[in-house]
Each structure stands twice: as structure tokens, then as C-alpha cells.
Amino acid sequence: MQFMLLFSRQGKLRLQKWYVPQADKEKKKITRELVQTVLARKPKMCSFLEWRDLKVVYKRYASLYFCCAIEDQDNELITLEIIHRYVELLDKYFGSVCELDIIFNFEKAYFILDEFLLGGEAQETSKKNVLKAIEQADLLQESETTFASSCVKLIL
Amino acid sequence: MSPSVRLQEMIRVIRGARTQGEERGVIQRECAAIRAQFRQADNGTRSHNLAKLLYVHMLGYPAHFGQMECVRLIASPRYNEKRVGYLGAMMLLDEKQDASLLITNSIKNDLSHNSQYVQSLALCTLACMGSAEMCRDLAPEIDRLLRASNSYIKKKAALCAVHIVRKVPDLGELFTPAARSLLCEKNHGVLHGAVVLITELCERNPDTLEQFRKVVPELVQIMKGLVMSGYSPEHNVAGISDPFLQVRILRLLRILGRNNDTASDAMNDLLAQVATNTDSSKTAGSAVLYETVLTVMDIKSESGLRVLAVNILGRFLLNNDRNIRYISMTSLQKIVQTDHNAVQRHRGTIVDCLKDQDASVKRRALELSLALVSAVNIRSLMKELLLFLSSCPPELRAHTTSGIFNAAERYAPSQRWHIDTILHVLTTAGGDVRDETVPNLIQLITTATELHCYTVHKLYRALITDISVQSLVQVACWCIGEYGDLLLRGECEETEPVQVTEDDVLDALETVLQSHMSSPATRGFALTATMKLSTRITHNVDRIRSIVSIYGSCIDVELQQRAVEYNALFKKYDHMRYRGSVCGAPSVIAKLPEYLLGGSGEPVPSSGLSHTVPGPATSTSGGDLLDLLGGLDVSPGE
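Chains A and B, in that order, are what the protein sequence lines are. Using our numbering, the first residue of the first sequence is number 1, and each one after it goes up by one. Using our numbering, the first residue of the second sequence is number 1, and each one after it goes up by one.
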């Protein structure tokens, strides 16, 4: 996978993950053009399109578009499954996820993505294992914060 | 107040801004505050400030002043600071930024951290944005982790190695031994990573590919295990056991079996098994089947297996899911040359897809249909293509007409069919045809001598119906000029003849000449045709003479020149008009652009003619005149 974009029906970007190096200006240009192209598609059209020299796979979930640019040899249908798996993970984590969850907790959305995909490829095919890892990482973060604040209390 | 709420509070405030200007104001204030905070000593809020900055960055605002903060946070001993620091690095730093090198040392340290979650952050970041230099530095660390760590880390190290190999292909050799041993792992995540890594190594190095051919039996075993295993809740997706892993294994098998009989044999049974047993009612199953088909078609498989694969694609064509239909046609396109007959069997379904709502599906169906045209199916397939042309989306019209013409040229069962087809296309989509269509059609008509009568009657009818399509009008004018006598005779065997008078015909040509829809080139055709008719009609020569002289003062230079020269023919060279005219001219000067095909008559004594006639401003009009007179030695078609 070269990159993944999440954007709303109004074209607002909610998440962008780039797996190939691109200048900031180029990223903006690509994002703008691709978002326009995808938003112009009608609901019944197929989820695949050829854009520049890439294959693009996208799917709309409620008010969010999930859009991936993959390479020529990549399997479009399994990419749809990857998108679906990511949505399932978000759903399980946030409990019935909606766009606002992703807006206000964008860093969590990234952390979850980074436990599922690495360098543009799936790293863990078991939903359970991904969620477990996130849970543990969150606990580690929690324990540090509470430890730090309890240290402060002790000192005071 | 918990620091995370401060981030969410900022997001709320930004979203509450009613105008772009207001938003900019809020963000400027926040960024100023963040900048100030960055400069201060550590006060426990650094990670939250960076998170705020990352949000602002996602909205499209500049955030480069956060780069050094990322570096600092990554070096922090606290997990939550590292977490946000690494996230920031992946978002703000890429290999083009100098600051990215500064984190190499932190990554190195974190790769050996005693918490696997910290190791994970380092691995993820390296795999996402590691430059070639960083990769070279850290490759030995990754190799170490590939061999000796838990599954959680191994699976990440494998994909990190993939990134390293993509950046620095030479390092592939370093990872080959470890990759090999990872195949023995049971953990799906590790297996998946291993297969991806091996695929990458084999694609880049033919020696490595040779080596890994030996593991084909092992891969076959793993696949068998997945396909035959009972329900495994952890990896099940819509009844398929770990489709992600299955797809990657199939892809690796494809690379290993390509051009190699032994390897292909070893996987033959497995592929047949997967192809037959995989339930394709949901996307997961279809994804596996799709990959299987790609593999079967690319390796040296038995013919039975190939037929099975093509049949799967045929089934996909009938699937309700448009995505599956699209995928099927993409795959069929790849194999239509090599497995032509197998694909032909599904021609009916492919042609039906021409009527699909989705433009991408239509385009694929068009490509495939054109590739499937053959001498056997040309008549029926052309009917479908012509039907498609009448309702096809505008962006596909030029391609369709082009394809139809090529197909007609190659497989036309008869000249009459060929001419009819071209005329049909011109009537339906004459504005979207290539420029050479007109001379090509003229040449075709000329050679079909028995059909001159038929053609001129048909074209006359077309002309009086509609003069907006330039290409059609041009050919019609030429034809009338050339075979006007056949038209006037009022008899035709092949079609219902029109009964017209000379005045009717001249009316038609004059309408073209005067219409604002006619392009200059079209007018030229019409004028020349009118001129040519002067040799074929008996009663209205004066009318022609007057038309021609009117255009002698036409504002269009090309037309004017022509008219003047024709006028000269009338005046001084009236006796020449009949000799050297195109009556009964058999041969065609091939590929002359525009309107003066129609050949040379008997050679006319040239003597002073070419000198007394006003020299042509453009070579074509010179050629015209001389062609009319015929036989002079002039190179055609400039």
C-alpha cells in the first residue's frame, strides 16, 4: 500500500497515512485531486478505479470514505477486506464508532492503524490480537500517567 | 483538567469557528502557545502540545516547528511521550528532512528496549519512514530481532525488513536465512510477515528465487492446513480461514512457479483444491479465488486447471457484485491473447456488461469485446458494438469508433457490410472519428466497384436527412460528385433507388455549401463535387457555372482559389473538362488527403497547361486542378 486516506463527504481529511516518501506539497496535491475524484463517483459505482498509475480502492462507511492506493500486483479484493478489518477494529475499540470519535481521538485511530498495518502491509491477521495489543499499550500509558501523578502527590 | 481534554477542547474550538478566517485566528493563537510551551522546560504537557500540533497539521497548516520536538519526545523515557513523538515523526518527518537522521540513535536504542511496546514503536516508525541510510544502519538490529524475540516483535521485524529491502535491495541477502526459518512458525502474524518478506526477496534477486523454490512443498502444506482446517474463530473471515495469509501465500507461489515446471507441478493439486473448495459468496472468498486464478494463469499449469480458472472468471462475470465483475474483466483482459478460446466462451456475458451503469465496467467490457472480435463472430459482435456506440458515454466514443473501424477492416465479411458499418458509425458518432476515416472510406468505396450505385444512393439519402456530421457529409459529397450519374439514373439493384432530378442534387450540394454548419473542408468537398457534376449532367451546367463563379469571390481563400480555377476550366478549357475527367477512372491515387481521389483519366497533353493556370498557393489545390485534368506528373498528397 502506498497510502491510506480517510475523509468526510465534505472532503475534510480525518486521517492520512503515507507509506512512501512524498513532499508535503505533493501530498496536498494528491489528496486534493484524489478526494475530488472519489467524491464525484456515484453510489452504485465499483470500488476500484485507476488513478494516475495507481490502483485505488475505496469504500464509504456512513459519513467517512476510506481510500487506499495500492500497487499493481496488490489484490484489490483483499484490500477491501483490509479496509473492513480496520473499520471493525475502530468499532470495537470505540464502541460503535462514528466520525466524531475519529476526529476527537485521531491519535488513537493512528495507534490502532499502526497495530494493524506496518510499512503498508498487514502485520496481524487476528482481530483479537490487535485489540489486545492496543489495550496493553493503553494500560502502559495509563500506568505511567497515574504513577507520575501519584509521585507528584507524594512529593507535595 | 486531564491534559487529553485540553486537546479535545482545542479541537472543539477549532470546529466551532464559523469562517475560515476565524479558524485561522484560533490556530495561530494555539500554535503560538504551543511554540512557547516547546521552548520551556519539561512540564509534563509536551506530548499533548505535540498532539495538538499534529491535529493542526492534518487540517493543512504548517507544523515544521514541531519537528525538533518530535526528536526530543522520542528520546524521552516516558512511554506516552515516545508514543506521540514517534507518531509525530511519521507525520512530520520523512527521509527528505534532515531531522529524520537525528532519530536514528533513539530508534536503535528503542529496538532493544525491554518493553515490547516501545520496540514496536521503533519498528513501526522505521518501516514507515526509514531512509536508506537509516536502514543500512539498523539492518543488523532487525536481523537480530527476526531471530530471537517473541512473535509480537518478530512479525513487525519481518515487515520492517521488507521496507529495508525496498530501500536497500542489497541488504536482502542479510535477511534470507532468517526469512527461511520464520516459515516454521505457527503464529499467523509471523507467517504472514515471513511470506511478504520472502516475496520481496524473491522478486528482487533471481538467486534467492531459485533458493526459495525448495520451500514450495512447505507453502503448499501451510495452505492446505488453512483450507482444510475447521472453523477457527480467531482467523475466520466469512467462512474463510485467514484470507489475508492465503492471498499472500498464493502470490508467493505464483512467483515461485513462474517459468518453472517442477515448482508448478508441486502446486497444481493445491490450486485445484482451493479453486474448487473456496466459497465465493463473500468478498473474502472471492479475494482468495481471484488470487488463485492469477496464479494458475501465470505459472505452468495443466490445461484442465487453466480452464477451471477461466470458468471461475466467467462465474465472476455473473456475480451481482459490480466489484467482482470489474475484477473478472481485468483478469480476462490479461489472458485474452494467450487463452483466446477459453475467454471466447464467455463472450455473451462480457457483451452484456457493455450495458452496465458503471463507466469503468463499460470501459473494461469494451476493451474485452474488441479483443474478442474474430472472423467467426464479427457480424453478431458488431451489432452489439454498434448498439453500444449509440448510448456509450462521451469519453469512450473515440475509442469505440476506432476499435470498430479496426475490427471491420480486419474481419469484414463483405465490402457491402464494411461500407454499411462505416456509414452506421458516421451517422451515430461521426464527430468522434479519426481524421483518416474520410479518405479511408473513400478509398474503400472506390475499390468496391459493384457497389457504387448502392453507395451513392445511401449517401444521398443520408445527406438530405442531416448535414451536421462533417465526415459523413464530406464522403457523401465526394460520392455524389464521383457517381452522380448513377444517382440520376434512378435505378439500383441493391437498395431502393431515389428518384431525383439534377436540380435536387445541386440543391443538396448548395445547401451544404451555404450552411453555417459546414466546415471549410466540407465546403471544399461540396464545391468540387458540384464541379465534377458538370461533366455528368446535361441540363444544368449553367447553374453549376454560376455557383462556381459566386465562390470566386468567397471570403475563404481556399474555396475562392478553387472556384477561380474551376471557372478558368469553364472559360478557357471547356474542351478539356471532359477529357481527363474522372468519368470511368478506375484507379485511385492512394491516400490522397481530401477530396480529389478519383483518379487520373487518360493523360492530357500537358504542354503549357501547368504554366498558364495560376500557380497554386497551396499544393493541394494545385494537385486538385491537375488531377481533374488528369495524368500530369505531380506527386500526390502533400
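One or more hints might be untrue.
Mimicking DSSO-like on lysine-lysine, the simulated pairs with C-alpha atoms at most 30 Å apart in a straight line are [said to hold, decoys possible]: (1) A:Lys44 - A:Lys29; (2) A:Lys28 - B:Lys355; (3) B:Lys355 - A:Lys12; (4) A:Lys59 - B:Lys383; (5) A:Lys27 - A:Lys128; (6) B:Lys282 - A:Lys17; (7) B:Lys572 - A:Lys55; (8) A:Lys108 - A:Lys127; (9) A:Lys128 - A:Lys42; (10) B:Lys108 - A:Lys55; (11) A:Lys42 - B:Lys96.
Calculated from the structure, these hints are not laboratory results. Because the structure is a prediction, the values reported are computed rather than measured.
Right, here's what the structure says about each hint:
1. A:Lys44 - A:Lys29: holds, 27 Å
2. A:Lys28 - B:Lys355: violated, 37 Å
3. B:Lys355 - A:Lys12: Violated. Lysine 355 (chain B) to lysine 12 (chain A) sits at ~35 Å, over the 30 Å cutoff.
4. A:Lys59 - B:Lys383: violated, 36 Å
5. A:Lys27 - A:Lys128: Violated: lysine 27 (chain A) and lysine 128 (chain A) sit about 33 Å apart, past 30 Å.
6. B:Lys282 - A:Lys17: holds, 28 Å
7. B:Lys572 - A:Lys55: Between lysine 572 (chain B) and lysine 55 (chain A) the Cα gap is close to 69 Å, so the pair fails against 30 Å, i.e. violated.
8. A:Lys108 - A:Lys127: Holds, at roughly 16 Å.
9. A:Lys128 - A:Lys42: Distance ~35 Å between lysine 128 (chain A) and lysine 42 (chain A) Cα, so the pair is violated.
10. B:Lys108 - A:Lys55: violated, 35 Å
11. A:Lys42 - B:Lys96: Violated, at roughly 38 Å.
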